[in-house]
Amino acid sequence: MPNEPAVPLLNVQIDGVWHQFPKGTRVIEACEQVGIFVPRYCYHKKLSSPGNCRMCLIEMGFPRLGPDRKPELGADGKPIINWMPRPQICCAQDVAEGMAVRTDSPLVKECQRGVLEFLLINHPLDCPICDQAGECPLQEFSVDYGNSQSRFLENKVKKPKAVQLGPRVTLDDERCILCSRCIRFCQEIAHDDVLGFVDRGSHTVLTAHPGRSLDNNYSLNTVDICPVGALTSTDFRFKMRVWFLKETKSICTSCATGCNTVIGTREDVIYRQTPRENDHVNSSWMCDFGRLNYKYLEAPDRLLEPQIRSEGRLVPADWPTAIGQAALQLKQFAGSEIAIVASGRMTNEELWLTTQLANSLGVKRIDIVPRRGKADHILLSKDRNPNTNGARLILGSSSAPGAKLLSIASAVRSGAIKALVILKENAMHLGLSVEELGQMPALIVMNTLPNEATQNATVVLPACGFAEKRGSMVNGKGRLQRLNRAVRPPGNARDDWEILRDLLQATGGGNSLHSIEEVFRRISETVPQFGGLSLSKIGDAGVHILQIEELPPTQPQDQKAIEEAIEIQTRRRAVHEQVHEARARVGASSIEREAAPPR
Amino acid sequence: MNFFFIITSLIKIAIVLGVILFMVSYAVYAERRVSAFIQDRVGPNRVGPAGLLQPLADMFKLLLKEDFTPRTTNTFYYWLAPCLAVMPAIITIAVVPFGSTLFGIPMVIADVNVGIFFVFAISSLGVYGIVIGGWASNSKYPFLGGIRSSAQMLSYELSLGLAVIPVFLLVGSLRLTSVVQYQIEHGWFIAPFIGDWMNPWKWLLTIPMIISFLVFMIAIFAETNRLPFDLPEAEQELAGGYNTEYSSMKFALYFLGEYAAMITGAAVVVTLFFGGWHFPGIPDGSHGWIFGLINIAVFLAKVAVVIFLFMWVRWTLPRFRWDQLMRLGWLFFFEIALVNIFLVAGILAYMTP
Amino acid sequence: MTITVPRPKLNWRERLYLPAIASGLAITLKHFKNMLFGRTKVTMQYPEQKWDSHLPDYYRGAPALVRDSGGRVRCVACQLCEFICPPRAIKIIPGEIPPSDRFAKVEKFPQEFDIDMIRCIYCGMCEEVCPEQAIFLRKDYAITGFTRADMVHHKEKLLEIGGVMHGVVLKWNEKK
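Here the protein sequences come in this chain order: H, D and S. Just so you know, the first sequence maps onto residues 110 to 708 in our numbering. Just so you know, the second sequence maps onto residues 58 to 410 in our numbering. Just so you know, the third sequence maps onto residues 3 to 178 in our numbering.
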């Protein structure tokens with residue numbers, strides 16, 4: 110925005126130095142742009158500015174004008190500034206021509222100290238148990254701007270503690286400094302006005318409106334923006350101190366939006382996912398559904414060992430045996446007798462290796478399973494596959510993803526297809542029954558969690574979840590983004606691309622791909638949209654490689670096939686949901702249930 | 058050779074062997090206590106009163122340790138070497154008279170007329186134990202230790218041999234009992250003037266005899282691989298030298314050999330220069346069995362003093378550098394010992410008894 | 003640049019070395035003699051003689067968790083000691099105090115608190131960093147065990163060593 114010529118530039122003096130800013134810039138941002146940080150609690154750049162925390166007080170002034178309406182110049186040839194006698198908040202103030210700002214004057218420092226002392230009067234001294242400790246601006250500013258000792262001798266005001274504001278948010282009212290960020294977030298971003306302040310003075314408390322609860326799908330963002338430990342995530346509460354967390358930049362894979370995230374881990378355990386700012390994708394937010402959708406990686410029934418079917422039972426095997434067995438089974442059949450069901454949750458690298466495998470075996474029937482849900486027009490996308498566009502580009506088929514599924518299913522039923530390779534999906538999504546799967550001469554399944562397909566497989570290959578591997582995906586708007594490995598895969602599970610590479614080699618499609626970077630380079634050589642890119646060039650913020658309009662429109666007959674496939678899936682999921690609900694332990698939130706991936 | 062002689066010899070051998078082994082184990086204990094005292098420490102004092110059962114504990118430890126033979130060794134020689142190291146040291150003691158007589162039996166196992174030759178011949182075999190052990194270990198440190206040992210033994214055996222020639226010039230016999238007998242009659246070789254105070258020739262003779270003693274003593278240090286001549290094992294440089302690859306009982310045998318050699322060396326020194334079992338004023342065993350026992354005790358006490366000297370020197374002096382060792386042996390002691398022979402011969406030629 | 007350090011020129015007495023050797027022997031003999039007659043002061047004979055009664059207040063023995071006079075386990079599982087511990091000997095699994103509990107106000111407590119005494123280096127950083135005055139280095143120094151598992155002090159053991167600590171700040175009161 111600063112370089113847009115249409116907006117006039119204004120001259121502003123900050124701490125004695127003149128700068129130019131476009132009209133409409135807030136003073137607090139102007140200061141930040143020139144490298145001066147003004148402390149703030151209520152101000153958040155993605156939200157409106159009520160100016161109620163008073164932490165960002167500065168001194169402000171304008172040039173003294175002479176009788177001729179021109180600035181009077183001092184002895185040094187510079188305009189004389191008329192400073193306002195009282196400090197101003199800079200978060201709600203736009204820059205103006207000739208404005209002068211002082212951020213480090215004695216008055217400002219005194220004000221900051223005073224404001225901080227007031228904020229801390231009723232703030233409990235429970236940093237040792239507070240989840241915010243370590244990333245708490247109140248702690249940080251106390252050190253930077255506050256007093257080292259408290260002069261407060263009276264009793265602190267008692268307020269409700271451990272209030273369940275919603276299914277996923279717990280509130281400690283004593284810690285609240287009444288900045289109202291959460292209230293504004295709910296109004297302005299989540300469009301679900303449920304929070305508000307009640308009572309007066311020191312007794313003001315944050316609460317949900319009567320009869321309402323903070324249960325919208327964006328509620329956990331309030332925890333992120335809360336400057337203190339008042340709003341805490343029920344999921345993360347008291348689990349781990351934030352300074353232990355290793356932060357890995359990644360993306361959310363729960364829908365096609367591909368929100369940028371930071372995965373907080375310690376010793377191969379994921380403790381939380383938080384959104385990472387990317388104005389091209391998710392601003393500073395992410396939905397609760399995606400945020401909590403990592404628990405299945407630590408599921409107790411996670412596939413940990415490669416297995417092969419021997420005398421009707423699945424027995425553990427080592428990797429070379431399992432891969433060799435899979436290749437042996439596949440090579441028995443002609444390409445026309447094999448079908449590959451891939452997944453829109455696989456990375457571009459994995460999908461590319463899948464196409465190589467298909468080419469090597471001469472397989473023509475290859476498709477991904479479409480996955481749809483309700484879009485909420487904020488972040489959550491209708492398409493719940495994170496990489497549908499990547500699959501569309503890399504599989505390079507003329508029909509839309511999912512259009513061939515029903516024909517594969519009917520070919521399986523008719524016996525035309527004798528070998529089925531199912532990658533990160535459940536064969537039941539095709540509308541096949543368990544008996545039909547059990548009769549397959551070769552059913553090779555790669556997945557993270559067990560399902561009907563793995564139980565009836567001839568070879569089971571345990572793979573990695575999104576936080577355990579590297580790779581790239583193309584989101585719903587055509588932005589290429591990177592996944593990074595936050596934790597190591599459990600047991601003997603292996604990186605998906607390595608499994609596919611080994612399978613490819615074992616089936617005779619010999620090549621020498623040693624790193625995922627090499628795989629990506631091969632993609633960039635073969636798929637035009639990826640041209641000139643490498644995994645490192647994607648960067649943390651991603652690269653736009655595709656206008657959605659570029660993609661061929663879905664044919665009406667494809668559309669019908671996809672709708673049918675989704676219909677089958679939805680019915681299945683409803684049954685699954687009922688079973689799951691019956692089994693679910695008491696008190697599990699609805700989001701957690703939804704977050705469990707369809708098996 | 059009669060039956061009586063065989064029986065008494067066997068008894069003597071058994072007793073001497075037992076005493077030697079006992080002394081070795083307590084020499085190790087003494088070494089540790091002496092070194093500790095010199096360094097202001099306490100030393101082993103846990104096992105038994107004042108730590109006196111420590112040798113027993115050491116023995117059990119060494120016996121119970123895993124007897125490990127590295128895969129790349131020459132197994133036959135690797136096993137043979139420790140035996141070769143311990144045998145010569147013990148055999149040598151056979152010709153040393155450790156007492157006068159007891160019940161008319163001479164307190165020496167084999168009173169051969171080439172006693173000192175026997176000592177040199179057998180004790181120089183000790184080097185094979187070290188050289189073969191170093192070579193058979195097939196490891197660089199033992200190998201270097203073995204090489205050093207062979208060079209050192211060769212160099213100092215010359216001085217060793219030359220240093221005692223004055224003694225035998227005086228005695229006129231190589232038999233060690235004769236050496237003791239001569240000293241009883243003419244005074245100890247370390248101080249030949251005793252008992253004949255007014256004879257200036259005896260005083261003159263003292264000078265070459267002391268030189269002879271010093272050279273012999275230093276050569277014995279070198280022959281027994283004691284500091285300051287312990288270059289073959291040199292822990293700091295060679296990680297233990299020839300015994301690096303040895304463990305358990307084989308290592309113990311090396312240890313045994315080293316200390317047995319030290320005891321034998323001390324016994325030879327006592328016999329050649331300190332009058333053997335003789336102490337002025339104490340009659341020999343023919344005057345009663347109690348005196349025979351006292352003679353043996355005197356001999357052992359003298360040996361103990363010399364062993365203490367060995368230890369005292371070890372914990373005082375630093376190790377020589379290799380080139381210093383060689384220069385000392387070839388360019389200094391060899392010449393001195395040689396000149397000393399002529400000195401004694403000259404004195405003898407003009408001496409009036 | 004190479005600097006050649008000239009060897010000192012020795013006179014004939016020095017080159018003979020014998021006087022030096024003799025004085026060296028005299029020194030070692032003096033030490034031997036003093037030790038033999040008990041004139042040398044030697045180190046304490048540990049298992050028989052112990053210094054337990056002389057241990058200074060600042061002695062750093064085994065780290066332990068303490069209770070205050072109200073019977074509360076003072077640790078609130080803030081995990082700062084786990085963070086600061088140089089050899090990473092401490093492992094804490096935090097838990098939430100149920101609302102019915104006497105100390106529900108504190109909200110958080112250590113469900114598990116393990117100190118691996120094989121790793122512990124008795125540096126006292128945990129005591130120094132603790133914001134709750136909950137962990138102290140006590141005077142226990144003979145920490146032994148037959149297995150590695152024996153050497154891990156669990157919460158119960160730590161509380162047993164720690165005992166009750168008087169005179170600490172009672173900050174979880176109403177005023178807070």
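Hints listed in this document are in silico derivations from the structure and should not be mistaken for laboratory results. None of these values were measured; they are calculated from a predicted model. Some hints here could point you the wrong way.
[As the list claims (entries may be wrong)] Derived contacts from chain H toward chain S, CB cut-off under 7 Å, selection only:
{"id": "1", "residue": "347"}
{"id": "2", "residue": "350"}
{"id": "3", "residue": "648"}
[What the hints assert, rightly or not] Okay, derived cross-link-like pairs now, BS3-like style, lysine-lysine, Cα gap no bigger than 27 Å in a straight line:
{"id": "4", "chain 1": "H", "residue 1": "348", "chain 2": "S", "residue 2": "93"}
{"id": "5", "chain 1": "H", "residue 1": "187", "chain 2": "H", "residue 2": "265"}
{"id": "6", "chain 1": "S", "residue 1": "173", "chain 2": "H", "residue 2": "265"}
[Stated by the list, open to error] Just so you have them, the derived chain H footprint on chain S, three or more residues with Cβ under 8 Å:
{"id": "7", "region": "11–25"}
{"id": "8", "region": "91–100"}
{"id": "9", "region": "139–145"}
All residues carry an ideal CB built from backbone N, CA and C; glycine is no exception.
Consistency of the hints with the structure:
1. 347: Constraint on residue 347(H) satisfied, holds at 5 Å.
2. 350: holds, 5 Å
3. 648: violated, 32 Å
4. 348(H) to 93(S): holds, 13 Å
5. 187(H) to 265(H): violated, 50 Å
6. 173(S) to 265(H): holds, 13 Å
7. 11–25: Answer violated; 0 residues pass the 8 Å Cβ test.
8. 91–100: n = 3 at 8 Å, threshold three: holds.
9. 139–145: violated (count 0)
Of the numbered hints stated above, those contradicted by the structure are hints 3, 5, 7 and 9, listed in ascending order.
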